[in-house]
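Enquirer: From first to last, the protein sequence lines are chains X and E.
1 is the number of the first residue of the first sequence in this note's numbering; add one for each residue after it.
1 is the number of the first residue of the second sequence in this note's numbering; add one for each residue after it.
I should point out that these hints are in silico values taken from the structure, not numbers from a laboratory.
Among the hints, erroneous ones may be present.
[Stated by the list, open to error] Using 30 Å as the maximum straight-line C-alpha spacing, the simulated DSS-like pairs for lysine-lysine come out as follows:
(1) X:K185 x E:K246
(2) X:K171 x E:K238
(3) E:K238 x X:K167
(4) E:K147 x X:K185
(5) X:K260 x X:K243
(6) E:K147 x X:K171
[Claimed, not checked] Which stretches of chain X does chain E cover? Using the computed rule of at least three CB atoms under 8 Å from a CB of chain E, they are:
(7) 85-94
(8) 189-196
C-beta: ideal position from N, C-alpha, C; glycine also.
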Amino acid sequence: MKSKIAKISMAAIAVIGLSASVANADTLSDTKAQGYLKCGINSGLPGFASADSKGNWSGIDISVCRAVAAAVLGDASKVKFTSLNAKERFTALQSGEIDLLSRNTTWTETRDSSLGLNFAGVNFYDGQGFMVHKSIGVKNAKELNGAAVCVQSGTTTELNLADYFRKNGMKYKLVAYDSNDQVVKGYESGRCDVITSDSSQLYSLRIKLKNPNGSMVLPNIISKEPLGPVVRQGDDKWFNIVKWSYAAMVAAEEAGITSKNVDSMLKSNNPTVKRILGVEGKLGENLGLSKNFAYNIIKQVGNYGEVFDRTVGMNSPLKIKRGLNALWTKGGLQYSPPFR
Amino acid sequence: MFALLRDRKVRGILFQLLTVIGLVAFLWYIGTNTVHNIEQRGIQTGFGFLNGTAGFAINDTPVAYNETYTHGRVFLVGLLNTLIISFVVIILSTILGLLIGVLRLSNNWLIAKLSSAYIDIFRNIPILLQILFWYNVVLATLPSPRKSIELFGSIFINNRGFYVPKPALNATTISMIIAVFLAVIIIFFLNRWSNKRHERTGQEFPVLFTGIGLIIVLPIIAFFIGGSDMNLSYPVLKGFNFRGGKTFYPEFLALTFALTIYTATFIAEAVRSGIEAVSKGQKEAAASIGLSSYQSLKLVVLPQAIRIAIPPTINQYLNIVKNSSLATAIGYPELVTVFAGTSLNQVGQAIEIISMTMLVYLVVSLAVSALLNWINFKMKIKER
Numbered sequence: 001m002k003s004k005i006a007k008i009s010m011a012a013i014a015v016i017g018l019s020a021s022v023a024n025a026d027t028l029s030d031t032k033a034q035g036y037l038k039c040g041i042n043s044g045l046p047g048f049a050s051a052d053s054k055g056n057w058s059g060i061d062i063s064v065c066r067a068v069a070a071a072v073l074g075d076a077s078k079v080k081f082t083s084l085n086a087k088e089r090f091t092a093l094q095s096g097e098i099d100l101l102s103r104n105t106t107w108t109e110t111r112d113s114s115l116g117l118n119f120a121g122v123n124f125y126d127g128q129g130f131m132v133h134k135s136i137g138v139k140n141a142k143e144l145n146g147a148a149v150c151v152q153s154g155t156t157t158e159l160n161l162a163d164y165f166r167k168n169g170m171k172y173k174l175v176a177y178d179s180n181d182q183v184v185k186g187y188e189s190g191r192c193d194v195i196t197s198d199s200s201q202l203y204s205l206r207i208k209l210k211n212p213n214g215s216m217v218l219p220n221i222i223s224k225e226p227l228g229p230v231v232r233q234g235d236d237k238w239f240n241i242v243k244w245s246y247a248a249m250v251a252a253e254e255a256g257i258t259s260k261n262v263d264s265m266l267k268s269n270n271p272t273v274k275r276i277l278g279v280e281g282k283l284g285e286n287l288g289l290s291k292n293f294a295y296n297i298i299k300q301v302g303n304y305g306e307v308f309d310r311t312v313g314m315n316s317p318l319k320i321k322r323g324l325n326a327l328w329t330k331g332g333l334q335y336s337p338p339f340r
Numbered sequence: 001m002f003a004l005l006r007d008r009k010v011r012g013i014l015f016q017l018l019t020v021i022g023l024v025a026f027l028w029y030i031g032t033n034t035v036h037n038i039e040q041r042g043i044q045t046g047f048g049f050l051n052g053t054a055g056f057a058i059n060d061t062p063v064a065y066n067e068t069y070t071h072g073r074v075f076l077v078g079l080l081n082t083l084i085i086s087f088v089v090i091i092l093s094t095i096l097g098l099l100i101g102v103l104r105l106s107n108n109w110l111i112a113k114l115s116s117a118y119i120d121i122f123r124n125i126p127i128l129l130q131i132l133f134w135y136n137v138v139l140a141t142l143p144s145p146r147k148s149i150e151l152f153g154s155i156f157i158n159n160r161g162f163y164v165p166k167p168a169l170n171a172t173t174i175s176m177i178i179a180v181f182l183a184v185i186i187i188f189f190l191n192r193w194s195n196k197r198h199e200r201t202g203q204e205f206p207v208l209f210t211g212i213g214l215i216i217v218l219p220i221i222a223f224f225i226g227g228s229d230m231n232l233s234y235p236v237l238k239g240f241n242f243r244g245g246k247t248f249y250p251e252f253l254a255l256t257f258a259l260t261i262y263t264a265t266f267i268a269e270a271v272r273s274g275i276e277a278v279s280k281g282q283k284e285a286a287a288s289i290g291l292s293s294y295q296s297l298k299l300v301v302l303p304q305a306i307r308i309a310i311p312p313t314i315n316q317y318l319n320i321v322k323n324s325s326l327a328t329a330i331g332y333p334e335l336v337t338v339f340a341g342t343s344l345n346q347v348g349q350a351i352e353i354i355s356m357t358m359l360v361y362l363v364v365s366l367a368v369s370a371l372l373n374w375i376n377f378k379m380k381i382k383e384r
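Pulled out of the complex, with its shape left as it was, chain E reads as follows (with noise of 0.2 Å):
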């Protein structure tokens, strides 16, 4: 009997087996515990909460809402809600992050200490604290509805939010996004029409400019062509506030605002520490076989920097998406707050609503790490 613990191979399987049962016992433990006393104390239990309906407004929802819809409609303002803010945060803080990153390694000495000083007091200042500051320090202290500032007549500034002029859907909208889109797939094949004739002639063909002009001049030209009408809505002070046109919100844009320019600082230094890690022979290279300094940076230096950068740059996306939840505190209606928060206090559900909730992260951040693998995948080097 004890000869055979001796035994190695033997001895591997037990250990295993008794972790195994263990971890089986201990969630066995767990889950029965719950349900007893859930059942003991009258709780209810089931997802039949969803179907009720909710009784409160909620401030800023990109689906029609109002008190009288249910608990599953409150799930889906604050998911697409956490997905509007993340997308945003997203685009902005790879822009903002990409220039503070390529600006940090200028020559001019003001610019690279000036980015560098950027980094250091926003990477390290509390994110949570910098969107109290965003919400209870700025955008607190800007005037009331009355005393709004007031920018080309149209637009609104005040300490309820920012007023802007809203489109109407009708013929010259519709076909100025038909034309970004047509833009869009134009700069596509361009670009892998230019890319096939570099590697047959070594013609350089200029995609970027031509790709921003395409982006300028096509909505413009479907602008004229749908009848120049965009039929705005404007926003106009009435009783309390403005009425009409499109309001961001002062929760949406402090949380935005802080959200950007903390994660900027990270994406920043993986690109600086991407362009970096390419060693100084690859432009040496480049520039004795005749490239000039910005076809050297394209054709050489970024492609390899982009793969070092990549990886990085996806765990700061995740951390966008983790990080919206903390809305809570400034009271953006994203999922935490409206669904996590609101309605389980209404319905008082906690096991079921915070599983949907961490469920709702992890499918989302899953999602996010996937397609920026395959990203990845794509960009890295072929190995022949």
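One chain only, chain X, in its complex shape (with noise of 0.2 Å):
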């Protein structure tokens, strides 16, 4: 008897271990199979991830969601959003609540190596800035010596705040929340004299005061600021789906394809076009998804001008210009690998 029982729970232990070995991530085979995209964002950065009164979710960061949807399921509409805060966002994606975080996360070394991440690209280059009360009368961030300054925690933005005062011999008052709201609201309720954040969101949380015009953001910019979507280390395969899912959409830009062309771009001479629009070889079926992958992103979700103009640019309430995010034939820096 004994022995049988011995028998037994061998065998239970190596179901269990086998099944261990079989969670191998295959992340595009288990999207393709629940049929959404389960993608971590913002839980609320105008012009990045913004939901409507009837909680259709928009936004830049958004769109990339969309976009790899779209690659991947066929169907950008296809997406499984999850609002995360600063803290959460990194923990969603390592263990697998999330599969694709776009949350205007900062590329950085640590990030990329010690917390076992991917980075896809970057679909905004951005600075971190300072916004004040117009009311103290303060013009430039260097006569911000004794400020209390309202923070994100858990950002690159807390520890460049610190690098700078240090730099330049200033002291400082930290006040740091975990929303992006409870900053807005100890900023209104006087808490601080100043936010900090990245000079994008600055101009995004600005809308969102009761009264915009009384503060300003000061022409300081602090850091550099790349943002973009991330992946788990440990699946090359769906971290080349993202990446091109991403170079689609700035290829589509430089080549001229727009979703609103893009059915009369399928009859264009051009031979970049065509590869794109996967009219002529086989670019997508290399990646594991189909030939049309990027005629899909194109046609529902638009070129990266398209929708930096609809979310952030001039086309949206925060009207911010271009400058760094032009193409790289424009004096920017947004730039596709050949599509070949």
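With the hints as a guide, dock the two chains, each given alone in a separate frame, to form the complex.
Expert: Here's what the structure looks like:
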């Protein structure tokens, strides 16, 4: 009898052990099987990720989620959004609660290496700035010695802030909150004199204020903040898919393909356009996707320029200029590796 | 073979064995799976991160800290802040709870009703909501630093905190601290002596009033002996805000107010139930042997009531320690906010950091409950 128990328990352990190795990540098959993409986003940052009254999400970060869903599933609407605060985001990605993190996340060496993450591109080049109440009469960040500064905790912003004040021999009082909403509340109630964040976020937070005209963004930019979509390390296929889904949006803008002309572009004679849209060659198939994955992205989400204008650019309330985010051909940094 | 299974003893052992094997297999599965996934994703492991530079500032630090210190130091700062807030709230909520609990049994209709209204209101509103209320509604509506409320020309109240003068550590303050300790020791021996005398002769000695007197008078004498100069540093408005003196930040105050007011309701109920549980006959017996109502409360009712009130009060103290982690909602830099929050986000080692944090709460809670269990053991009826 003893031996029988031993046999059964050995078998049970073996089965469990096997399932541990079966848990090996193949995010593409998992996503296809469940029929939607699990995407982690900001819980509310106009221009980057915000929900309208019907619960539809929009924003430049949301577009990346939608582009990947269009590429993988052929339908940009098949995304399950999980809103996360700055502290929760990496754990959610590491643990597999989400498969793609598109939440204005800065690309840094530590995050790329020791956190076990991979950055699949930069969908917004940003830099850190300061916003102050006009009433305190500060015109430059160098005059902020002794100020109380509100910041979202667990961000690179918090680290840059410490560096900047130390470098300039100034003191400050840190007031750190988990959520952006609490940061705005703290600033409005006068708990702090200054908000610091990525400058694009400052413009977006300013719209949320009760009296936007009472505040101004200082001219100083104190850091580099390349924001981009993030995936887990260890699944190169999935990493490639996200990288090239994003690149397709930039490449489409470079080639002049928009969501409006994409159907007529299918008949184009330009070999680059043909390869991007999958009329020629089999680029998408090598990624494990369909040949027309880029067509789906452009048709359903748009090219990078269209998305930028619609979400944060001139056609949005934020009115942020392209600046560093213009195409490389127009003096910016947005650049797609060649589709070939 | 099957006959063996019908044997109750064999069956019992079999099922226990299977349960243990199942549990071990489950834990083994979780463990290996985690290790496997961590390795595959290239996430760093181990406790080396504790020596890494933190790089971020903390608002309210009981020990020296700036952004060049390590994550290990962040852990210490968070731990100390957790202990400080727990200690302060335990003291304050005990005092308030005792007071409200006794007042609720008052013969004065208004006082009794007000006390029970207080208990019913604050016990039934979620604690997180109360913390946010104090922080975002009450403290946030205080005036800005330049329009601070001023008390006695040296205390300032504004939406950045409460600013009070801070004594320096010199001959005067040190001798005053010694005087307080001295008073406590004297009261301890006085109490022992008076108990013994009471048992021997039946005579009462007013220990309570003598004690309060000693605690007040001795430090005052020490103040004059020590040179009567506390060398106070006063808060002064300079630039954006006040400098100098001691600052109580709104995060600390909101958490203290909310936790104290919330927990005091439960302690008040424990006190009330303790007093009411002492049977009426005890009071009547006390009256019939000629004890005054104060004597009956002190010698007959309270000693029995406290025994009943202690176990539920222990639970409330443990809840205070655990509830202090709700500070993360308003950014008071205790353990969960700075270590399990900010540090975790910067280094990304969830398993190590969360285990350390859970271990701290476990150890602190076990220590508090061990201490109070010991008191409970000392207080309980000695059966002879």
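Enquirer: Let me make sure I understand: some of the numbered hints might not hold for this structure. Which ones are they, in numerical order?
Expert: Of the numbered hints given earlier, the structure breaks none, since each of them holds.
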